[in-house]
Every structure is written in C-alpha cells, then in structure tokens.
Amino acid sequence: DTGVSQDPRHKITKRGQNVTFRCDPISEHNRLYWYRQTLGQGPEFLTYFQNEAQLEKSRLLSDRFSAERPKGSFSTLEIQRTEQGDSAMYLCASSLAVANEKLFFGSGTQLSVL
Amino acid sequence: GIQVEQSPPDLILQEGANSTLRCNFSDSVNNLQWFHQNPWGQLINLFYIPSGTKQNGRLSATTVATERYSLLYISSSQTTDSGVYFCAVNPTDKLIFGTGTRLQVFP
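Residue numbers (this note's numbering), protein chains in the order written: chain A, 31 to 144; chain B, 14 to 120.
Among the clues, some could well be false.
Unchecked claim - Below, in silico cross-link-like pairs of lysine-lysine (DSBU-like), each with a Cα-Cα straight-line distance of 35 Å or less:
{"id": "1", "chain 1": "B", "residue 1": "LYS107", "chain 2": "A", "residue 2": "LYS87"}
{"id": "2", "chain 1": "A", "residue 1": "LYS132", "chain 2": "A", "residue 2": "LYS101"}
{"id": "3", "chain 1": "A", "residue 1": "LYS41", "chain 2": "A", "residue 2": "LYS132"}
{"id": "4", "chain 1": "A", "residue 1": "LYS101", "chain 2": "A", "residue 2": "LYS44"}
{"id": "5", "chain 1": "B", "residue 1": "LYS107", "chain 2": "A", "residue 2": "LYS44"}
{"id": "6", "chain 1": "A", "residue 1": "LYS132", "chain 2": "B", "residue 2": "LYS107"}
{"id": "7", "chain 1": "A", "residue 1": "LYS87", "chain 2": "A", "residue 2": "LYS44"}
{"id": "8", "chain 1": "B", "residue 1": "LYS67", "chain 2": "B", "residue 2": "LYS107"}
{"id": "9", "chain 1": "A", "residue 1": "LYS41", "chain 2": "A", "residue 2": "LYS87"}
{"id": "10", "chain 1": "A", "residue 1": "LYS87", "chain 2": "A", "residue 2": "LYS132"}
{"id": "11", "chain 1": "A", "residue 1": "LYS132", "chain 2": "B", "residue 2": "LYS67"}
{"id": "12", "chain 1": "A", "residue 1": "LYS87", "chain 2": "A", "residue 2": "LYS101"}
{"id": "13", "chain 1": "A", "residue 1": "LYS101", "chain 2": "A", "residue 2": "LYS41"}
{"id": "14", "chain 1": "A", "residue 1": "LYS101", "chain 2": "B", "residue 2": "LYS107"}
{"id": "15", "chain 1": "B", "residue 1": "LYS67", "chain 2": "A", "residue 2": "LYS87"}
{"id": "16", "chain 1": "B", "residue 1": "LYS107", "chain 2": "A", "residue 2": "LYS41"}
Hints were generated in silico from the structure; no laboratory data involved.
Taking the hints into account, I'd like the entire structure generated from these sequences.
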C-alpha cells in the first residue's frame, strides 16, 4: 500500500499563470476527493469523483478550476489565471465506497501565488 | 449546511497528561472521522466512528450520534501527539471538517 501521492509538493507561480496538480490515489480506491486548506482552517471540500465520474463540485470551485480523473485512476486539478487568493494547500484524498469508508489523504501541494 | 464545532480551539499539555477533545455537529450524520494533522501538514486518519466507542493504543473515541457529539481521548500524551486534531462528518458523500483543536505537548 503506497498511500496517496501528490505532485508537486510545492508550487510557486506568478499571478495570471496556469498551474496543474496531480494526485495518485490508493490503487483499489474508487473515490477521489480534492480539498483546499488555508492557514488555521480545516480542509474545505472542492470536488470528488467516483471512478471517472465527477459527482459533486463545491460552490468554492470557480470556473477557473477544473478537475479530471481519466480512466478512474489518477486525477489532475488545474487552476487557470491564478489569483493571490488561490494560495493554499491543495489536498487529495481517496477512499473505497463501502460501509466503513475511511478517507486517506496525501501530503498536499502547497501553492503560493505571487 | 451542517455545522461542525470543535473545542477547545487550543490546548497546551505537559507530557504524560490526559486530555479530551470535543466535536459537536448540527445534523444527523452517517460518517464521523477523527484526523491528526502533524506539524508537517500530513493528515492521518485516527478513527472512523459514526457511533459507539473505539480504542487504539493511547487514543480512544466515543460518538453519541443521537446527541450529535463525539469525544476524542488522549491519555499519557507525548510530544509526538502535537498538531491539530480535526473532526469531520458527512451527511452525504463528502466530509465536512471542523476548525480543529491545536494541541501542543511539552516535555
């Protein structure tokens, strides 16, 4: 069990640039979640997939954000035209959609928009 | 939407002390989990506990679903217990996190 993997670990970008993050879930997990966390706050839900289908998106996810999970394996989160307010830790998590559904998180991608 | 409140917001302990963290939620849930976020930011799943009591070493958790609260007990605390403890609940398919309890354990 290799756990949830996220890449890159850190990303520094200039305002207006596009960025893309990758998440590799635990291999047998069919659900994949994206969360965002700012300093001093708990993680906030952004979106989630069951297999390749994106089932829910938060109101926090503006049109500049898009997520994909082709073939139900890894997922990417893209932010277009980044703004300083996008600076945060972006967390990916995965789970197996069964009765006792524990969520497992990756180490996150820390985004800094200058 | 559902509200998740945790108390206390901050807790400072000396090594060896015991503590109780509380999580209150405003609506019925079918999933409640406790997480520890270590000083490096990694979130570790401690318990899946929608109801009842579970124990894992020095940690135990109790959820009283009918009264909409959960408690996390830490006994004989160690410096490695430092970090932020989050309670998270899901009335549907996504977990909603509380604001956390920041725990600092000093030697």
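Outcome of the hint check:
This hinted pair checks out: B:LYS107 and A:LYS87 have alpha carbons roughly 10 Å apart, not beyond 35 Å. About 23 Å separates the Cα atoms of A:LYS132 and A:LYS101, which keeps this hinted pair within 35 Å; it holds. Between A:LYS41 and A:LYS132 the alpha-carbon distance is near 28 Å, which keeps this suggested pair within the 35 Å criterion. For the suggested pair A:LYS101 and A:LYS44, the alpha carbons sit about 32 Å apart, so the restraint of at most 35 Å is met.
A threshold of 35 Å between alpha carbons decides the hint, and for B:LYS107 with A:LYS44 the separation of about 32 Å falls inside it, so the pair holds. The straight-line distance between the Cα atoms of A:LYS132 and B:LYS107 is roughly 11 Å, inside the 35 Å bound, and the hint therefore holds. Pair hint A:LYS87 plus A:LYS44 holds up; C-alpha atoms about 26 Å apart against a cutoff of 35 Å. Between the alpha carbons of B:LYS67 and B:LYS107 the distance comes to roughly 22 Å, so the proposed pair stays at or under 35 Å and holds.
With a C-alpha separation of about 23 Å, the suggested pair A:LYS41 and A:LYS87 falls inside the 35 Å cut-off, and the hint holds. Simply put, A:LYS87 and A:LYS132 have alpha-carbon atoms about 20 Å apart, close enough for the 35 Å limit, and the pair holds. Between A:LYS132 and B:LYS67 the alpha-carbon distance is near 14 Å, which keeps this suggested pair within the 35 Å criterion. A hinted pair counts as satisfied when its Cα atoms are at most 35 Å apart, and A:LYS87 with A:LYS101 qualifies at roughly 19 Å.
Between A:LYS101 and A:LYS41 the alpha-carbon distance is near 26 Å, which keeps this suggested pair within the 35 Å criterion. The suggested pairing of A:LYS101 with B:LYS107 holds, with an alpha-carbon distance near 21 Å, which does not exceed 35 Å. Of the pairs offered as hints, the one joining B:LYS67 and A:LYS87 holds, with about 33 Å between alpha carbons and a cut-off of 35 Å not exceeded. At most 35 Å may separate the alpha-carbon atoms for a hinted pair to count; B:LYS107 and A:LYS41 meet this at roughly 26 Å.
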